[in-house]
Amino acid sequence: MTFSLNLAFSDLLLLLPEIFLTCWLCVVLIVDFSFPRVPKERLAYLSVAGLIVTLGCLAWFDMNHVSGTLFGNMFVLDRMAIFFKIVILGATILVILASIEYVNRFTLFRGEYYCLVVMSALGMMFMVSANDLLSVFVSLEFATLGFYVLVSYLRDDLASNEGGLKFFILGVLAAGLLAYGISLVYGETGKLVFSDMASAQPTPGLIIGFLLIFAALGFKVGAVPFHSWIPDTYHGAPTPVTTFLSIAPKAAAFAILLRIFLVALGTFKPVWVVLLVAVSILSMTYANIVAIAQRNIKRLLAYSGIAQVGNIFIGLAAGTKMGNDAILFYLLAYLFANIGAFAVVIAVSQAIGTDEIEDYRGLGRRSPFLAFAMLLFLLSLAGVPPLAGFIGKLYIFVAAIKEGLYTLIVVGLINIVISMYYYLIVVKQMYINEPIDPSPIAISGPMKTVIYVGLAGTLVIGIYPQPFTDWVVSATLMFANFIGPSVTVAPPVHLLGG
Amino acid sequence: MGEYALLYILFAPFAGALALIFISNRQPLLVRSVAASAAFVSLLASLYLFYAYDPVKGGFQFVQKCEWSKQLGISLHLGVDGIGTPLVLASSILLFAGIFVSWHIKDRAKEFYIWLLILAAATIGVFMSLDLFFLYFFYEMSVIPMYLLLGMWGSHTKKYLEMTDSEGLKQRDSVGFILNFGSNSKEYAAMKLVLFLSAFAVAALMGILLIYKYSGLNTFDILVLREQANLMNIPVLGTTLDRIIWVLVFFGFASIAPLWPLHSWSPVGHAAAPAATSMLHAGVLMKLGHFSIIRVAFEILPETTRELMPIAAVLCMFSIVYGGFVAFYAKDTKYVIGYSSSSHMGYVFLGMAALNYISLSGAVIYMFAHAMATGMLFAMAGWVYDQTHTRDIPSLGGLSNKMPFISVCFVVGCMASIGMPGTVNFIAEIMIIVGSWDKYPLQVVVAMLGIVLTLAYLFKMMRGLFYGPMNQKYSHAHDAISAVDRLPLLIMISISIGFGIFPMRLYDVVRSGVDPLVARITRVVPVAQTHEGSGVRSELIIPGATSTVPVVASKLLPLSSQVSRGEGK
Amino acid sequence: MVGVFFTYFALISIAAGVLTVTLRHPVHCALSLLVLLMHVSGLFILLNAEFLWAVQVIVYVGAILVLYLFVLMLMNLKTDERYFHQSALYVMGPAVLGASYVLYNLLRSPFDGAKGDTPAAAVLQDGDTYAVGIKMFSDHLLQFEIVGIFLLGAVIGAIVLAKTPKQLDTERGRS
Amino acid sequence: MIPLSAYTAVSAVLFIIGLTGVLVRRNFIIVLLSVEIMMNAANINLVAFSHYLESMAGQLVALFIIAIAAGEAAVGLAIIIVVFRGKISTNVDEMNLLKW
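Chains as they are written, first to last, in the numbering used here: chain A, 1035 to 1532; chain B, 3 to 571; chain C, 43 to 217; chain D, 2 to 101.
Don't read these hints as lab results, they were simulated from the structure. A portion of the hints provided could be inaccurate.
[What the hints assert, rightly or not] Listed below are the simulated BS3-like cross-link pairs for lysine-lysine, each with C-alpha atoms no more than 30 Å apart in a straight line:
(1) Lys475(B) - Lys404(B)
(2) Lys462(B) - Lys333(B)
(3) Lys194(B) - Lys108(B)
(4) Lys441(B) - Lys108(B)
(5) Lys1074(A) - Lys205(C)
(6) Lys108(B) - Lys1482(A)
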């Protein structure tokens, strides 16, 4: 047994975005410590600058088709990973811009806030590149750790504490499940890397192991029945953190789910389709029905997020390359709409200090811009043409109908109608009801930028999706190797029975 | 202009809406003129379209196609045939008229015109889509502007306005107000409209997705699908797939038409909407249903249409009679007109159900004619409402002294709606009745009864509004004097009468679109040959599965289809 | 002999686990967890994993558990009167059934994954610590680095959250 | 020689005990202790598999799990202190500010 580290200096190029971001994180931290008098906005712009450089680096990778694997396949940088990293970094940048004003609510440690946001982003970047169970565990916990802190950042606010605690308890529970699942899978296969598991036999241990891993990831994406922390945490957390939480970890967890289901478990598709169909139907239906009763916009968006996850699971259940394309596309559409909607929530709560839907009455008069933006974001989430969400939903449905998942599509379509109801309730408050206090609402510059980016994304993807579909199609090219007509497995009924 | 006419018609309103975003509400004249000029461009282009359309050549003309999404097989494929052309014309006329009808809107005029333009553009988009995706796209897009137009500029019924006690107010704002069917608010109307239409649109989308999957062509293009989609005789759920698709598509789109059991959103929506929106709604939006049924069900599933269209023939009777009776007893001007529209839409279904050249042409012409007639009526009801702020017929009366011009126009509008000779409605009604007499004599008798009913309730309303003793409360009401106010009515009247006297151009255009369609549907196929045909087709599936064109026809079990999984790539 | 040790470690671990979950007083629970951790580390010894044994004792027992105890003492928690969820009884029945089903399935499972490249003899030759070190700094270098940043994050997070509010005024004065 | 299944059984029993603790107990700290039991169950499994499958990967995973448990304990206890400051209680049930 000798030490052998096959790592050339050029290999580190693949890790360049992560390495750079780590260094930048330290720079931000050091600046924060060393110059306590520096206004914290500058730290925000400093972090954004680092993130933009990283984003540029990734864009360069994407354009030049840089890809490869490191550490014996444990770290992959394929085009899908690059796609997800770009999505995550984009979300991070927008979230930081959206939180500049909000940070003033924190009594302590305003600078560390940005560090923790960047740190979570870094963790999620590792997540989407993780190609083995250990990396998944380590990076998942790394990313979540930042969120544990961020969610309870409003230290004097009981709701924030409570949300943070619920999130933490379910988070560590998920970590426990994940650890045990990993141990079982390791015992059954002797491997940690997903692509080595593709030939594994479906023994009970493996099935239980993967179910536990699925449950843990289900907690992260917030699919029913693992959703119980979502509404409380979204409600309690500082709104920019909620924004971040509603997009980036979901995207990263879906990257892992895609790798697990399509690479490691590609041959067992008939088995897991049933599971995914059930989770998808439950998520959509439950979340949409409960959302109707919500009075708080953050909770409404939390439930809407659960429903969106249900929609994304339709694409995963399709289990084809087209399904994956649809998932990526949907995430992109969801990113813009959700960040935009939350940005409006932040702007409104900065001005009027509440998140109750009732207090949105007359927003159309008080701030036509915010109301119009919110309208478009909500309609995009509901899936109304010509907005991005509609194309995303259609893409997913088309992918699913090609696989003949009719039940799922019918449920999904019905849920579009249900969801339209509660989105329109908000629209009604904004446009139809008259304001109590007609004073206009001021919006800060960075916030405007975020909302404009959200609007631009929502409209452009909705009206001209071709470049984006091209992008997602090329991003999932790697899966073409794993999913093809050649894979045929008789439905192993005995597996379901244990 | 030339071959790009469709793009002008479709995108002028969008461009207008976009331009309006950057104009402040503080310049009302600029706002109005931008909206009016956008509509005017659209109107000019559609007039050009109507006269440049070549009925001898027939088929789809002015076709524009550009690829929109390779992966999903969607292209922005626009084109009009003899059926779409008059409807595009009707939409742009009503849009233009609607902008002038709502000239006096003070509250958030900019937003009003933006949504109105988007609504009109979306309906126009449906009339010229040759791609199932874009048909649905524009269809669904027209729903949301309706919500905002109704909610923001609509009006409540009297009963709702009386609800001023604290409990009533709470009820208005309660989250579950949609479940409170006693409420007559504009919010309720708007929400009901959107949810109802979306729910049924989603059914239609399911049908469209099934067409997409089972045609196996990876395209939404109607022209390709109607030639190549083999959707017949695939057994599903104890019936055949084509019937399921047909039913989904038919009822999905018939909800907006509105066919009898699915009509309940429509009068409420009409009543709550501001005048220009009611005009577009009743005049054009309801025709989206008929038009989409013709485009999707008739074009792609002609044989199933022949088989199942009697459903429409049965339901349209209820539509005509029920709508007529409710209109007769309604006390609210807009309810009367709203139910009359929903009753008149029954005639279109009758014309469509009979499936012959005369009746189908009559149906299409009726759509055009009804757009003008109901547009006039709603414009005038809106005018009366603006002057008196009530829609309650019993409390009105004797307004003819105050507004002679409106009352004269109202008479003309009633005449057109009833189908007096000299208006284009007359021609359309005659064609529907003559054309469907052979096949559906009972329905024709009912339709005649419906005409009598129309006469009764429209004259009753006319008497209630304009004649009899006058309520002094409304003495301040005045007539439409300025050119701006008179223009929309004059346009619609002149079009209605003009085509009534010189219908040949319209008839030619419509026939050129209807003829190939009816020829496809009524193609006489002996029963034995149909069976043989299906046998041949199912044999063809086997080589088809190995060729590059994936045929999934025989694979209905989910999750087990090897071929369909291969398609994903 | 190994069998005896195994039985001892296993039984005491399980008993300590049960106590951890059922005892009323949180400090007692933490102490029984300590027993559990010690005996689990004994199992590691039986499996030739001396390095993990050391880590378990030093890190888990010496650091993590002490942290728990420290917090428990700090908060000076009294015994909770109601220490189960009300719904516990409804949960227990299905939980026991499900658990025994899972156990049954797990015991049936073969767990014969692919053999690795470090048989027991090779590990014993240079010692477990050496083997772990070689692996950690070659194959799992990346995860090691990630955990490094993770711990940095944990430190920042713990400080950010737990710093006493008395500092508030000075912080405000600074920024 | 102890069979592998003996280790698996011990670990499964511990895992179930831990899971029951998380679901049943109401005190946050005991919930966290129960999660530690779950992690330990995973570790027993991993080390046992590592031994029987003759690969070091299992031990490394166990090592990383311990490291991560340490970090999470630090943050988790910090959160509990924050909550404790505000509410003077550590019961899950008493967290009822947020409903639905």
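These are the hints, each one checked on the structure:
no. : hint                   : result
1   : Lys475(B) - Lys404(B)  : 12 Å, holds
2   : Lys462(B) - Lys333(B)  : 10 Å, holds
3   : Lys194(B) - Lys108(B)  : 26 Å, holds
4   : Lys441(B) - Lys108(B)  : 52 Å, violated
5   : Lys1074(A) - Lys205(C) : 19 Å, holds
6   : Lys108(B) - Lys1482(A) : 29 Å, holds
Hint 4 from the earlier list is the only one contradicted by this structure; the remaining hints agree with it.
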